[in-house]
Amino acid sequence: MALYGYAGKILRLDLTAQRATEIDTAKYRSWGGGHGLGSALFWEFCKDKTIKDGRNPANVIVVASSPLNGTLVPSAGRSEVVGVGLGMYPYSWYTRSGFGGRFGTMLRQAGFDAIVIEGRASSPVWVDVRNRKVVFHDASALWGTDTQTAQERIWAQMGVPRGTDTGWWDLNASAAEALDPATDQGRTTQKPAILTIGQAGENQTGGGGLVHDAGNIAAVAGFGGVWGSKNLKAISVIGTGEIPVADAKALLRARQVTKEKYVSDLQQPDFAAWTKIGKQPKLMAMVPPPTDEFRPQACQGCISGCRARYSVGYGSETKCQVTSWYFAPSRRVAKSSQELIEINLRAADAAQRYGINTYFAITGLHWLEHLVEEGVLGPGKAIPSNLPWDKYGTLEFAEKLIHALSCREDIGADLADGWVQAAHKWGRAEDLRTGHMAFSYWGQPDHGYDPRAEVEWGYGSILGDRDICEHCFNIIFTNITSSFAFAQPMRIQAKDLVGIIAEKLSPYAKNRPEVLDYGDENMYSENVAQLVRWHRHYTRFYKQSALYCDLRWPDFYNTNTPDNRGATASDDAGEHVWWNAVTGDTLSFDDGIEIGRRIWNLDNAIWTLQGRHRDIVHFAPYIYETHFEKGELFPFYMWPCRDEQGQWVYRDIMGRTMDRRKFEEFKTSFYRLEGWDTASGWPTRATLEGLGLREVADTLEAAGRLGKERA
Amino acid sequence: MALTTAMDVETAHRILASVPHVRRFPVGHLRPPTGLIPSFVRSVGELEFVLAPRSDSLPGVHMERLAAWIEHDVGDPAGAAEVRAAAAAAPSYVDACVAVYERIRDRVASARHALESAPQVQAPERRA
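Note that the protein sequences, when read in sequence, are chains A and B. Under our numbering, the first residue of the first sequence is numbered 37, with each subsequent residue one higher. Under our numbering, the first residue of the second sequence is numbered 6, with each subsequent residue one higher.
Hints were generated in silico from the structure; no laboratory data involved. Only a predicted model underlies this, so the values are computations on that prediction, with no experimental measurement involved. Ideal placement from N, C-alpha and C gives every residue a C-beta, glycine not left out. You may find that some hints are simply not true.
What the hints assert, rightly or not - Chain A is faced by these chain B residues, among others (derived, beta-carbon under 10 Å): (1) 19; (2) 23; (3) 27; (4) 42; (5) 51; (6) 57; (7) 59; (8) 62; (9) 63; (10) 102.
In isolation and in its complexed conformation, chain B is listed as follows (with noise of 0.2 Å):
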């Protein structure tokens, strides 16, 4: 697994931590040929288990939104714009799906990395 490049505590903090329930980013799943679960997530590291490849659904995200949902409501402006880039760069949804997982695990690992090299630094609630 690639590191992106290395990230303050301060981002890696926010990468981490739940975003008020307000603020939580709606996701889903579509499991044909009946299921549509709709659902949400309140941080970026649950969102490495919506977008994990799997043979017999698709997750639901839409893009556009994360990107903002990234930059505005967790802070994390870099993220947001590999997010951006990965999904432009994607020539179908699916593809998209699967390069922004990537991209997001990459930066859930450079976040938890950040906080490990930093131990004196208190871990952020999972939960708020």
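Bound conformation, chain A alone (with noise of 0.2 Å):
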């Protein structure tokens, strides 16, 4: 019978023995994909869950794509990456990351829908993945070379045609297979879609992260870093397979409706619509085009083209935050705008080649630079550096700043560990304290959204594994806020946008505008908790397991309808429609979502395993001992609120704090919602088994750590 949506096998390495196996998908295939797969076999492959740190050999890395990957679902090429992390605190969890491009696509093209990473090599290795057949190599040679550099390298090794002259070349070349001349069976025009690290992974870095092309990085969570340590260089994969799709009329009857009805008019385009689907494509980096001349890229099977390559040869690829991450430092020092942009992508170069996340070094700089100016951080001080502090905001500091984190040499001795960690052992944990460290929860920085503002982010980041980097709300105060500030009328009152919204949180919040209601009154109540349950299973299955774009999903309200409804949880174009054209599934909006608290409770038992208790749970000081300020940067900082008479209003939510009592009541709310203990936040044998989890539960029984049944 067709596994529609699948490749059918799961690929196994066996780093220590290098050896490759194969597993049935079809064993998974309730977990869906991405995410929910990759815990499934984690929690199957890994054989002791109390691990703390990535790098224990214990550890079990799993690249998994979605059964949405290269078939026509707009918005949908990226790859998941789960396992236990490196460089958190007080420890690395069980945790995931994600990267775009087309290695998921690549990945199931040659026969697998993930790879199962176990064990250490003795000696450095790459994996060479084509058509089901997998070779290891040494990787002596390659060790010490940057991402862009060891992909460029295995390129060449296995005879790619490079450049413009490219052509079709034989997969089996290095076999002994001959081609079938009647057809192209095994012949590509395609290059190998190659994961790799760079030096700040082979240096065990808790920044380390696995790179993709020259600028789709799995950032967060230090994965780069637990290659590093099981001296695993690159998996490369590329294939000549393909996927079989259950419904094509239905997948493109969905492509219809959508182009028709949700995305905006290519001819009479509404730059300003309030949307995410239906947005017109455009770069996302955070600085502007260096130059005219460039060529927009895009995930394989996206509609967006969030990146781009450049004419002039720098900053292709790369996007978002990692384009700003030294913007501050740098305008101390440029003399014009272009000469700004200039060492900001080449400074973004910088960090994908040595394979290293930058979202650290926003919010981290503003604390070294604190230190420096303190004097107690620099060359002969009580954190010596010698790093070239005088030339901080040039492209000379930047580059040498990242080769020092990547290397572990200088300061990044001690940062390689985890920042937080850095911050105790000098002696400033107090920083913590101030907010002069505005790293929030779980040694990660601040993302831009403060848990005392966006809630729901701060919470689904506290209550699980990481800092979230979900926009699923955010675009409210980004519409909203934009609307303020032209000073133009809304175009959704507060009230009809947070029907709109409430319309589409099914099941526990649907047609419960008030847990959108982000004002003081409402921030711990069980309102909140409702909206941070449906958001953690929303995205733990159809975005980081169906494996939708963060930048285009959810919809929920959209100006180019009619009736301002987007195309989340609708009937002709929503993320189910589009999961059972693929798949020949037939779940409902709310399955999926059931789907995700399946994966959600299963990562909440390997959290516990790993010590995960309710009293450990909690934001770094500066969250409840000092006033949200990030409306200092606007004027307002507005998001939907019911006023004093209950009527909905768009309401400036600058300067409060976070009230550390109330919050554990919040937890409270939240725990016994999921139907966890309240007291220890470990999940309940009903609450497993109501989700087939028996042995999950028995696992937790037999480790002392299965939560009580509380009335």
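Dock the two chains into a complex; use the hints.
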């Protein structure tokens, strides 16, 4: 029987024995793909789930695709990575990261839905996967190279045609098989998709990421450092297989509906439309393009093209915050806007080449600058550093800093194991109290959306495993704030907006607009707990397992449609519609949420085994002890709230702080609604068995960490 | 570019120099649909880059606080008055950003001009 939407096999790589084996995907089918598939595989193959450092050889890393990768589903081209991370605080949780590009699609065309990485090689290796044939190669000569050099050398070693003079090449060239002259079987014009680490990964730093092509990085969680600890330099995948789709007509129908109904009219585009899926394609660099000569670039199958390849030869394929990690320092030295752009894009390139997560740098640099200013960091200071601090803001400094952080040199020697760990080592824990070091949760930096303001972001991060980086609801803020900024009438009034969104928050918060009240009185309520639950479950399935792109989904409201209802949860082009067309499933939107709840519960069981208890689920002290001051940036920080008369308004919420006691009450509400033990936060047997996870409950019970049922 | 009234060297120094980190001024960039990037500046010169009009994002600057910062932390009451006046006359926040950007740009140009006209004076530190 065809397994629609799937390649049908999962590749297991035993690095210790340098052996590759296959298992059937069918056994894990109920987990969907991506994160769900990864969690199920981690649960089965990681034999010690108490580990708190991803470098432990017992750690298992899974790189997983989605059934939607490489189909016509718009904006669903990403890949997911799971496993125990590195560099978090106080523990590195079982966690996740993701990246775009073409790796997931190519992996499936090579015959696999996911790769399970186990053990540790005795010396550096890279792995060549072609049409279900797997070869381990010595990577000693690649060790020490940056991510771009490593990919180029692997392509060269494979004999892949390069440059603009590309053509057909034979995947079997290094094998014994002859080509079938009647078909193109085994021949392709595509380059292998390679996922690799740079020096940041090789040196096992918490900032080490996994890089694919020039600028797709799975940055958060330190998985590059984990690969480094396993002596795994790269995995290359290429294939000529195809993915069977269950209902091609339904897929095309959804695509047509999306184009005609939800997407801005290309003849008369509405650039200010309030929508995600329906937005005009545009670049997502935080700095302007360095030139008008560029080609937009998208993940395979995506309608956006949010990255670009520039004729100037730098800044290509990188996007979002990576392009602005050095923005504040570089403003000090740049003499023109063009120079500012060039410094930032070249600094982004440096980070991508070393394969390092730059999110630490944005917030972390503010902290380092504070330490320099205080006179405790620098040459001959209490925290010695011989970096050229007198050149702070120049490209030279940026490159030396990236090198130091990636190679455990200078201050990088301490920061490599975690920035918060370094703060404690340096006697600077007080900076987490004052907010000079704005690392909000689990040793990770504030994202720009503060737990005291965008509560579902902050709560979701602290109740989970990392900064969630899920822009599902902050589009409310950006649209409202933009309208206020231009002094233009609101496209949608607050009452209508929350009403439309709440229609789609099925099942827990369906038609309950009060869950979207971001006001002071509501921020610890059961209403918000339901919102957080919905968000955790939605993203665990639709965003991290089906792998819908964060930039385009969910589409709650959409001013391109007459009734302002977006595509999310709709019966004509909702998330589940695409899923069903590809896989042949008959899921309702709510069924997808329920799969997400199951994945979320399995994840919490793993955290529980790692040592999670509600007592350690708290933010950095500054969240409770200082006021939310992002409102200093804008004269307003607007969110929907109910006023004293219960009427919906857009209200400025700047200046507030978080009440530690009330947050504890919120946690109790959340745990109760999830069916977890309110005293410990651990899952209960009834909840797990209700999700078909009896074996998980048994494992927790054997470990003495099964939650108690409470009245 | 129109220069504002002639500026004394001392004021020019203050405008172009960086204030101590503890007296930095918070700014941001709003990049719909996803991004709010918080940051800060330590000199008026940096504000030119923050406020420069762009088609794809909004600068994040609290104008009232900016005027107070320029007056008290930078030490340029005349510049602060220009910022206040420009912001107050603008019909929207975006218009205020454009108007204040022009004032800042001119103020910085005046400061540079003042220092160039007094070559014996040592250029201010770009970074404290």
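How the hints compare with the structure:
Taking 10 Å as the C-beta contact cut-off toward chain A, the hint placing residue 19(B) at the interface is violated, the least distance being around 16 Å. Hint status for residue 23(B): holds, given a least beta-carbon distance of 7 Å to chain A, under 10 Å. Because the closest C-beta pair between residue 27(B) and chain A is about 7 Å apart, less than 10 Å, the hint holds. At a threshold of 10 Å, the smallest CB-CB gap from residue 42(B) to chain A is about 6 Å, leaving the interface hint in force.
The interface hint given for residue 51(B) is met, as the beta carbon of that residue sits about 4 Å from the closest beta carbon of chain A, less than 10 Å. Satisfaction of the interface hint for residue 57(B) is found here, the shortest Cβ-Cβ separation to chain A being roughly 6 Å, below the 10 Å cut-off. Hint on residue 59(B) holds. Least Cβ distance to chain A is approximately 6 Å, under the 10 Å limit. Among the interface hints, the one on residue 62(B) holds; its C-beta lies about 8 Å from the nearest C-beta in chain A, closer than the 10 Å criterion.
Nearest Cβ of chain A to the Cβ of residue 63(B): about 6 Å, under the 10 Å cut. The hint holds. Interface restraint check: residue 102(B) against chain A, minimum CB-CB distance 8 Å, threshold 10 Å, status holds.
The earlier numbered hint that this structure contradicts is number 1, and it is the only one.
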